[in-house]
Amino acid sequence: MPGTMEDLMISFYQALAAVIRRIRKLVGDVAQHISWSNYHCLDENAAMWAVTFRSYNQQQSIY
Numbered sequence: 005m006p007g008t009m010e011d012l013m014i015s016f017y018q019a020l021a022a023v024i025r026r027i028r029k030l031v032g033d034v035a036q037h038i039s040w041s042n043y044h045c046l047d048e049n050a051a052m053w054a055v056t057f058r059s060y061n062q063q064q065s066i067y
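Residue numbers (the working numbering): 5 to 67.
Treat the hints as calculated values from the structure; they're not laboratory data. No experiment lies behind these values; they were computed from the predicted model shown. You may find that some hints are simply not true.
Ranges of calculated distance between the beta carbons of each label pair, as one might list FRET restraints [unchecked claim]:
1) Gly32 <-> Trp53: 30 to 36 Å
2) Ile38 <-> Gln18: 28 to 34 Å
3) Gln18 <-> Ala50: 43 to 49 Å
4) Ile27 <-> Ala50: 32 to 38 Å
5) Ala51 <-> Leu20: 31 to 37 Å
6) Met13 <-> Trp53: 56 to 62 Å
7) Met13 <-> Ser39: 36 to 42 Å
8) Met52 <-> Leu20: 34 to 40 Å
9) Asp11 <-> Ala35: 43 to 49 Å
10) Tyr17 <-> Thr56: 53 to 59 Å
11) Leu20 <-> Trp53: 47 to 53 Å
12) Trp40 <-> Leu12: 40 to 46 Å
13) Ala54 <-> Ala22: 36 to 42 Å
Cut-off 20 Å, straight-line C-alpha distance, at most; resulting in silico cross-link-like pairs (SDA-like, lysine to any residue) [claimed, not checked]:
14) Lys29 <-> Gln18
15) Lys29 <-> Ala19
16) Lys29 <-> Ser39
Even for Gly, the Cβ is constructed at its ideal location relative to N, Cα and C.
Starting from the given sequences, assemble the full structure and let the hints guide the process.
Okay, here's the thing in structure tokens:
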């Protein structure tokens, strides 16, 4: 005889909790990846602007 309805509901809730934990972990991993990607882009943009302004300032000091 299969488990009682209560046993099935407990199994369902355990499975649902496991799925929710996996989804939360996945969302956290994606958010962390996006965060690191944004920092990487900011670093590249900062370096680009630093080179641009350094070049501009060097040109101004020549004149």
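Results for each hint:
The hint said 30 to 36 Å for the Cβ distance between glycine 32 and tryptophan 53, and at roughly 31 Å that hint holds. Look at isoleucine 38 against glutamine 18: about 31 Å separates their beta carbons, and that is inside 28 to 34 Å. Taking the beta carbon of each, glutamine 18 and alanine 50 are about 48 Å apart, inside 43 to 49 Å as hinted. Checked against the given bound of 32 to 38 Å, the beta carbons of isoleucine 27 and alanine 50, roughly 35 Å apart, stay inside it.
Roughly 47 Å separates the CB atoms of alanine 51 and leucine 20, a value that falls outside the hinted 31 to 37 Å. In this structure the supplied range 56 to 62 Å holds for methionine 13 paired with tryptophan 53, their Cβ-Cβ distance being about 59 Å. Restraint check, methionine 13 to serine 39: a C-beta distance of roughly 38 Å satisfies the suggested window 36 to 42 Å. Between methionine 52 and leucine 20 the beta carbon distance is about 48 Å. The supplied range of 34 to 40 Å is therefore violated.
A hinted range of 43 to 49 Å for the beta carbons of aspartate 11 and alanine 35 is inconsistent with their spacing of about 36 Å. A hinted range of 53 to 59 Å for the beta carbons of tyrosine 17 and threonine 56 is consistent with their spacing of about 58 Å. At about 49 Å, the CB distance of leucine 20 to tryptophan 53 agrees with the hint of 47 to 53 Å. For the pair tryptophan 40 and leucine 12, the supplied restraint of 40 to 46 Å holds, since their beta-carbon distance comes to about 42 Å.
For alanine 54 paired with alanine 22, a C-beta distance near 48 Å fails the hint of 36 to 42 Å. The suggested pairing of lysine 29 with glutamine 18 holds, with an alpha-carbon distance near 17 Å, which does not exceed 20 Å. Between lysine 29 and alanine 19, the direct Cα distance comes to roughly 15 Å. Compliance with the 20 Å bound is thereby established for this hinted pair. Restraint check for lysine 29 and serine 39: the C-alpha separation of about 15 Å stays at or below 20 Å, so the hint holds.
Hint check: violations occur at hints 5, 8, 9 and 13; the rest are consistent with the structure.
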